[in-house]
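J.: Residue strings, one per chain:
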Amino acid sequence: MISPSVLLLFGWMIVPLALTVYFSFLRYNLLIPGTHEWIGFMNYQYFLTDPAFFEAMKNTLLLVGGVLLLTVFGGVGLALVLDLPFWGQGVVRVLIIAPFFVMPTVSALVWKNMFMNPVNGLFAHAAKFLGLQPFDFLAHAPLFSIIIIVAWQWLPFATLIFLTSLQSLDQEQMEAAEMDGAGPANRFIYVVLPHMARAITVVILIQTIFLLSIFAEILVTTNGGPGCASTNLTYLVYAQSLLQFDVGGGSAGGIVAVVLANIVAIFLMRMIGKNLEA
Amino acid sequence: MARNVSPSRKTAITFLAWSIGLMMFFPILWTILTSFKTEAEAIASPPSFLAFHWTFENYLEVQERSNYFLHFLNSVIISFGSTILGLLLAIPASWGMAFVPGKRTNNLLVWMLSTKMLPPVGVLIPIYLIFRDTGLLDTRTGLVIVLTLINLPIIIWMLYTYFKEIPHEILEAARMDGATLGAEIMYILTPMALPGIASTFLLNVILAWNEAFWTLNLTAAKAAPLTAFIASYSSPEGLFYAKLSAASTMAIAPILILGWFSQKQLVRGLTFGAVK
Chain A
571 MISPSVLLLF
581 GWMIVPLALT
591 VYFSFLRYNL
601 LIPGTHEWIG
611 FMNYQYFLTD
621 PAFFEAMKNT
631 LLLVGGVLLL
641 TVFGGVGLAL
651 VLDLPFWGQG
661 VVRVLIIAPF
671 FVMPTVSALV
681 WKNMFMNPVN
691 GLFAHAAKFL
701 GLQPFDFLAH
711 APLFSIIIIV
721 AWQWLPFATL
731 IFLTSLQSLD
741 QEQMEAAEMD
751 GAGPANRFIY
761 VVLPHMARAI
771 TVVILIQTIF
781 LLSIFAEILV
791 TTNGGPGCAS
801 TNLTYLVYAQ
811 SLLQFDVGGG
821 SAGGIVAVVL
831 ANIVAIFLMR
841 MIGKNLEA
Chain B
2 MARNVSPSRK
12 TAITFLAWSI
22 GLMMFFPILW
32 TILTSFKTEA
42 EAIASPPSFL
52 AFHWTFENYL
62 EVQERSNYFL
72 HFLNSVIISF
82 GSTILGLLLA
92 IPASWGMAFV
102 PGKRTNNLLV
112 WMLSTKMLPP
122 VGVLIPIYLI
132 FRDTGLLDTR
142 TGLVIVLTLI
152 NLPIIIWMLY
162 TYFKEIPHEI
172 LEAARMDGAT
182 LGAEIMYILT
192 PMALPGIAST
202 FLLNVILAWN
212 EAFWTLNLTA
222 AKAAPLTAFI
232 ASYSSPEGLF
242 YAKLSAASTM
252 AIAPILILGW
262 FSQKQLVRGL
272 TFGAVK
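For the protein sequence lines, the chains are A and B, in the order given. Heads up: the first sequence is residues 571 to 848, going by our numbering. Heads up: the second sequence is residues 2 to 277, going by our numbering.
Derived DEER-like restraints, expressed as beta-carbon distance ranges:
id, chain 1, residue 1, chain 2, residue 2, range
1, A, Pro-655, B, Phe-81, 38 to 48 angstroms
2, A, Asp-740, B, Ser-46, 45 to 55 angstroms
3, A, Gly-610, B, Met-193, 50 to 60 angstroms
Facing chain B, according to a computed beta carbon distance under 7 angstroms, are these residues of chain A, among others:
id, residue
4, Ile-572
5, Leu-579
6, Leu-587
7, Leu-665
8, Phe-671
9, Met-673
10, Val-680
11, Leu-730
12, Ile-731
13, Ile-779
14, Ala-786
15, Ala-827
16, Met-839
In short, the hints are calculated from the structure, not lab data. Please read these numbers as outputs of a predicted model, since none were measured by experiment. Beta carbons: idealized from backbone N, C-alpha and C, even for Gly.
The following block holds chain A by itself, in its conformation from the complex:
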């Protein structure tokens, strides 16, 4: 009963991955048909010494780190507020979770045009209203702008998970801490945060996996530019292989991306594996 799924997943993972490894050792360009020459580690050498690679690595780290920072701190803050008693909890939850369901191309284009556009965007209108010079977000701070867009998409996810975790916090424990004279700050640091540690770890790991592969948001906003200012590793591999048709070089980049993602994945898998036994 299990075997069809296993076989399919195995085929899906191993066959293309093996092909990517194989291609990465070839001089293989779709524009030069017929050449499949074995060139050893040349592609890796070119890819890893390309200045674009360093820029892309830096951008990947900044993108992942920036979004994580915003969503984890923002998410904990929002979850703490949503956990308090107020009128209309259901509606506010629905409003906050909504951005997570917006497809990446829509959120990127809406932010790009209707908010960040230096002439017609809402931010430009606001700047003019305040007598300031409108700022061209995607031209002058492309990576920062993409971080904002992506953080808007992922903040609901973090908030929802932290809220779920908060709601499973034992109320008696909080009361006991309060009776022992712990103030709100101490209760947060010594009771709430340790309780949420697991949820926070899970959010960081899962988001990292998804954020390493951010693609659509970059494609529709900046195309990785200006220059390579907002190119991440995923976009660089896409550009190398499907825009410049360099299959060999792109494959080498793909393998580098796989290795990077695996480092994160190992930690995540350990956590989830432990959970299974519990």
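Mind docking chain B on chain A? Use the hints.
T.: Just chain B now, kept in the frame of chain A:
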């Protein structure tokens, strides 16, 4: 928290929570409002919030100019198709692992999940070339295959955590009462598993609907779902804010509604049961 708070404090919290909620939702609200404006009003400075001339023209024009319905249909076929196919593959697998666990079940589950960790660029080129050579590029069939495979681990995991919660004792009791295997499946297992299957279905339709790496890379015009169709607005000519908004509103509305129904399952599905 079930604690008594003073009404004034509750009012203050209500105000704070609603402001945050409205701020997060504002880009979506703004998109919906803009979709009912004329192009000139959409870029007017200062922008008008509600006091504009409401029109449905953009919706008609988007359909007329770009055959919106085709892309909508592609999205529906691809997301529902891949989810149904995924469920057909996953139900027996999760069932087996939940009710007849072997020594390697846990390892198998973890391994399945690890395929989800593989960054798509790692396999983009071979898949692209295979699709090109087999004529699957820019076809719905091709996308259904890819999306089924990338979401299969999530489907299996979600179902597994739901099936795990069905108590074995119930089955034994039914057998003692002389239920046949068919009756067991029909009257006991199916009703108990149905809520889990339904929420798995819902979450995976959402994930497939919004998937934007493979859909952008493997489609051109014919099989492009809404993700790829909207992306074509990234290099527009002339006035287009209102039309972009109309196209976007239609693309996100169905999934927003489905999403709100599934928010409870979302946490469980996306954390693979690590947070419940």
